[in-house]
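Participant: Chains as they are written, first to last, in this note's numbering: chain A, 7 to 343; chain B, 2 to 151.
Using 30 Å as the maximum straight-line C-alpha spacing, the simulated DSS-like pairs for lysine-lysine come out as follows: (1) LYS42/B to LYS57/A; (2) LYS84/B to LYS42/B; (3) LYS209/A to LYS42/B; (4) LYS215/A to LYS84/B; (5) LYS72/A to LYS57/A; (6) LYS209/A to LYS57/A; (7) LYS212/A to LYS84/B; (8) LYS317/A to LYS72/A; (9) LYS209/A to LYS84/B.
A partial selection of chain B residues facing chain A, derived with a Cβ cut-off under 7 Å: (10) ARG106; (11) GLU108; (12) ASP109; (13) THR112; (14) ILE121; (15) GLU126; (16) VAL130; (17) MET134; (18) ASP136.
Simulated from the structure, these hints should not be mistaken for lab results. Beta carbons: idealized from backbone N, C-alpha and C, even for Gly.
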Amino acid sequence: MSRLHVPELICPAGSLPALKAAVDHGADAVYLGYRDDTNARNFAGLNFDRKAMLDGIAYAQSRQRKVLMAINTFAQPGRVADWQRAVDGAADLGVDAVILADVGLLDYASRRHPELRLHLSVQGSATSYEAVNFAHREFAVRRAVLPRVLTLAQVETVIRNTPVEIEVFGFGSLCVMNEGRCWLSSYATGESPNTVGACSPAKYVKWEKSPGEMSTRLNGILIDRFGDAEPAGYPTLCKGRFEVNGDTYYALEEPTSLNVLEVLPEIAAIGVAAIKVEGRQRSPAYVAQVTRTLRAALDELARNPDRFHVKPAWQSELARVSEGSQVTLGAYNRPWR
Amino acid sequence: MSQGFSIPRFQLPALLAALGSRLPQWPHSLALATGLNAAAKFGLLPDDSLALLEGRSFLVEVLDAGGQAHFTYRDGLFRPLWKAPEAPDLSFSANLSAFLQLLARQEDPDTLFFNRELSIVGDTELGLVIKNMLDAVELPQLPSLPAFRP
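Produce the entire structure from the sequences given, and follow the hints as far as they go.
Facilitator: Here's what the structure looks like:
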């Protein structure tokens, strides 16, 4: 076997301690965002103010790790300048790349800051090499993050037909994965990741306890009911149990997490440039646990590409932090096309 | 994140909860409010997040120890509430081991929540503000005395 290129490990940072946890536990790069609606994890109290941003960038870059700034929501009518300022700010701060979804913003960034490295966000919803190559031709995008709907064979087809580096998700909560095009949160609350930077914002969420069960409501809509011993998930419409034709079940998607450990050798072999961990909304403890585990797996793959096997300890550590305590390979190994 | 030492998952005997809940509850509230005020005084808690807590009432309930701490944040200080409000704006309940794991940054609140070891009732956004505020605190480093070096 020729020397295997091991993908970079890209980890989430919603706070300075989370960023440090990622760097200390072996992330090659961290991604983060401003404390506003220019990023798709705009939750109350989360993300970086200017001082934390400066400290975080210095902490990572002084240790030869990269910082990627997510400005991955869509500029809202009348406020385009806010998103342009966010890109200008990222360039001034000296981040290693910005992650953008909005075509207008990609155009702005490529003209105004030709030296700034651009990544196409998963929110940009590019699932084919034609879409990726369009972003490359028009905006000189250097890397694209693929939505979590493709099989490994489809990812490989994209990689073989584009000069753009390809990043895929490696671990984290799954949703319906209609990234950049999902309006379920807007349907329930009038707000969505694309518009305000948050899916199912907390102000619309109510957990109601009663003896023996807990109910979840999103803006008054009953999403799910859990028995006391039943694992819970995030309060989104896509993960609710609903009555359809007389049956009550997860009509759209079960609460579940992606975990690519088992297909790591294949992911490396087809030439994936980087794998990303979901979860800027999670705590430093999660970032440390997941980063440490994936670092160990990637290092093992680099040492032993032909005899790589998944250690039970890795799986149990990842299973523990998973939403719904389920781990699957997501779409990567599904037979459908 | 503790490296060498980790807090195991445990549950105190039921007898203790029965006993604990009969003891006066104000010492817990006072201790918690004092600790939070110390953190605020050292500038560990950001002002913009603290402002969102003004006038709100909180309950921290340690289920297996039978302890309850009621407090509020008013005029820049966390204050114990001597009389428990009928419905606090926000309640956290969990067993002692889960609270200790959270404090030591050994477990993530979402993990405990998914596994039903932590419950959050009331104003969910307020809960998120508090969670993110505590996550952003930079814990002091251990002093680099010879005894602490590996």
